[in-house]
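S.K.: If you want the building blocks of each chain, they are given just below.
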Amino acid sequence: EADIYQTPRYLVIGTGKKITLECSQTMGHDKMYWYQQDPGMELHLIHYSYGVNSTEKGDLSSESTVSRIRTEHFPLTLESARPSHTSQYLCASSGRVQSNEKLFFGSGTQLSVL
Amino acid sequence: DAKTTQPPSMDCAEGRAANLPCNHSTISGNEYVYWYRQIHSQGPQYIIHGLKNNETNEMASLIITEDRKSSTLILPHATLRDTAVYYCIVRVALIIQGAQKLVFGQGTRLTINP
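The listed protein sequences derive, respectively, from chains A and B.
According to the working numbering, the first sequence holds residues 1 to 114 in order.
According to the working numbering, the second sequence holds residues 1 to 114 in order.
Warning: the hint list may mix true and false statements.
[As the list claims (entries may be wrong)] Cross-link-like lysine to any residue pairs, in silico, SDA-like; alpha carbons within 25 Å at most:
#1 Lys-102/A with Gly-105/B
#2 Lys-3/B with Arg-82/A
#3 Lys-57/A with Gln-106/B
#4 Lys-57/A with Ser-41/B
#5 Lys-18/A with Lys-102/A
#6 Lys-101/B with Ser-61/A
#7 Lys-52/B with Leu-80/B
#8 Lys-52/B with Pro-76/B
#9 Lys-102/A with Leu-51/B
#10 Lys-3/B with Val-92/B
#11 Lys-3/B with Glu-56/A
#12 Lys-18/A with Leu-114/A
#13 Lys-52/B with Glu-31/B
#14 Lys-17/A with Tyr-50/A
#15 Lys-18/A with Gln-110/A
#16 Lys-57/A with Leu-51/B
#17 Lys-3/B with Pro-83/A
Think of the hints as simulated: they come from the structure by calculation, not from any bench.
I would like the entire structure built from these sequences, with the hints used as guidance.
M.R.: Next comes the structure, spelled out in structure tokens:
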């Protein structure tokens, strides 16, 4: 149902590599989010954006960075991946549906850093 | 945002109604009750929301007590595909300035048994 896409679905990479996780949505939503989730654990908000050229840190500190140059695109970058970055990264966007704001999630990127 | 309390896990037989409780005793007058679920490691999926009246959609029903301090999500005829973690979240409906920073908590791990 949701038109929000994340690539890659799975990524295995060596320590020290630079990686970018892609997230795109076609719903025209202004607000976008990145959550991080370890297996069996809670989701933690690491970044969000109100709109183009706005980015904010979330509730959980992260070494990753984000950018929002276009409304539909909200990529997350790790300059130098480490094993501690191994986790699932979930992208979401929110929009108004019948006077309520709903979150729509992508399928996630499972990152493994060796 | 008001805090919610949910049981960590529940079991339900296939074909029976699954009733998931949520306590939100500090909810304020302009806060809605939202339910999301997360199947395996996919992104969470919106289920239903309500303010004070009971709500029903194609996925579930939401029963909110008259004092609004607790609610119950009902899956009327649970199937194996309903096995997931269910999150009860209390939040204002619209964020005029800012982002819908939902805090997902631990949720209830619902297992549907054949």
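S.K.: Name the hints, by number, that the structure is in violation of.
M.R.: Those not satisfied are hints 2, 5, 7, 14, 16 and 17.
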